[in-house]
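In case you want the letters, here they are:
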Amino acid sequence: MKLNEEEQDILSGKAGPVACQALQHQIKVGEFFGAEDFVPVTQAHIMADSESLGEAGVRWLEGLAAVTEGQRQVRVPTITDPRGTDFAKAAFLGQKSAMLDLERRTISAFVKLGVAMTDTCINYQTIQAPTRNEHVAFGDTGVVIYSNSICGARSNFEGGPSALAAGLTARTPRYGFHLPGQRRATLHVQVEFAPASLNEWGALGGVIGRIAGNYWAVPVIEGLEGTPRSDQLKHFGAAMASFGSVALFHLVGLTPEAGRLFDIAPAGLPSHRIARADVDALRKSYHSDGRVDVVVFSAPQLSLFELRDLADLCEGRRFAVPLLAVTSPQVKPDSDRMGYTARIEGAGGTVLSGMCFYQSYAREIAEANGWKRLATNSAKMVNILGGYGYQPILASMEECVDAAVSGNLA
Amino acid sequence: MIMTAKVFHARHAMGRTVRGPALVARDGFSARYDLDRIAGIFSRPTHKLAGQSYVGKILVLDTAKGGVASAWMLHEMTSRAVVPLALVLNSVNPILAQGAALGDVPMLAGFDEDITAAVPNGTEVEVNPTMGMLTVVAR
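For the protein sequence lines, the chains are H and B, in the order given. Using my numbering, read the first sequence as starting at 495 and increasing by one per residue. Using my numbering, read the second sequence as starting at 30 and increasing by one per residue.
Take these hints with a grain of salt, some might be off.
Stated by the list, open to error - Selected chain B positions facing chain H (Cβ under 7 Å, derived; list incomplete): (1) Val36; (2) Phe37; (3) Thr46; (4) Tyr62; (5) Asp63; (6) Ser72; (7) Pro74; (8) Leu88; (9) Thr92; (10) Ala93; (11) Lys94; (12) Ala98; (13) Met102; (14) Ser108; (15) Asn122; (16) Ala130.
Treat the hints as calculated values from the structure; they're not laboratory data. Note that this is a predicted model, so its numbers are computed, not measured. Here a beta-carbon is modelled for each residue, glycine too, at the ideal position from N, C-alpha and C.
With the hints as constraints, model all of the structure from the sequences given.
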């Protein structure tokens, strides 16, 4: 890779060993993908729950945080994805003290590195949405696909180590979706039904993700009526990224780079039609024996509006099985102030903050609580939790609340 | 003993040269979605390698799937020596490349043919990232 004078100085150790190690990591990744040089970034977002890091990852972070020589802190605003727990609710979840100790050590190391512990995967709704053409280094696939597609920002999937490296060096290798040519559509999708509920938006995203099939595929989508809301596009994108590793899509006439189809799509793209039956088939592929052990709203964290809708559905209900609603530390205080938290918890639910269900030792908390059959309106989560031993079921928010009351979901 | 070899060239390569048995499937790879990382097996019921151990195997798969956690998890798996010997994929996303860089897992990606169809399951293969080569050795 071509390095400018500042980058050569970092590499030679003039900024200290932390920045040097970060740049070395970035060069290794950049050269793997044939990046010619670096591009400056304005923000970084780090996915780093302690389940993913493990003891080895936490020690690696603590090693960086213990360095006293040269620059140790990030150079651009750098924030975090959800943690592996809500400390206030860890006992309820059945998490063990060793898990919480790892989380505390992780937080302590990040703070020393100058990272802001926002603990959210909806930073584009709550912290600061990136602007069109803003180069950023975001982790969490849902954050990246929303930022790229809806905001028109430029980011690759940056895993925790690479996002931290970008924060420390204020740059990232210029490859993938930092390049205009990579952002052109590679397949066309015609949607022939109108998704309504969030689980339908998620399922549609999942179907498109499966068709697209890999990171370098860029779907351009037509046929969606009206103007989707942020929460709908949040579930749509998060599921597309989860099912297909997709990082960018275009909605003709809606998203910034696709005013007209030919602005973004070369002629002769492979085209696919998606009908309601395709989305129903995805939903039906997740089923159980009708019983439900737990209901979870998470992945992505809930917005204030989602919590409001959930609170309305909880009115006059009494849950027979646990219902968990997970939001960000930025939204939770507003949910408390507006009375949404009290209404959800008054029905027997639990509102958690700063974590995400599947990033919080999902296998261990399933074993601790006897949770296997899990109902959710998150298509992203049903895609993930099979690997953790769950039988996930995808349903609407209304159906999930009913299931929490009856313990059943057909 | 007569040795014959078939060689495939990768456009993207990283890490050390290793040799071992290939575990092959036309399916994706995500450390969080697909694996029981403690037991060292594929655990997602719908994965084509469900129930099989990946430890010490050279995984030959189609593409990287899922979320960003693999960027940390390969490092953690390496620390416990419950990790694939190398990763060979038709296409790879940045997360797996970043994870392989931190976790010191050799990786090849990007071939002129479907590498999951070209490499027989269970055969001995050599991954040589310096040369960008995957060699299938038949005895």
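Now for the hints, and whether the structure bears them out:
no.	hint	verdict
1	Val36	20 Å, violated
2	Phe37	17 Å, violated
3	Thr46	16 Å, violated
4	Tyr62	5 Å, holds
5	Asp63	6 Å, holds
6	Ser72	5 Å, holds
7	Pro74	6 Å, holds
8	Leu88	16 Å, violated
9	Thr92	4 Å, holds
10	Ala93	6 Å, holds
11	Lys94	5 Å, holds
12	Ala98	4 Å, holds
13	Met102	6 Å, holds
14	Ser108	3 Å, holds
15	Asn122	4 Å, holds
16	Ala130	4 Å, holds
Hint compliance for this structure: hints 1, 2, 3, 8 are not met, and every other hint is.
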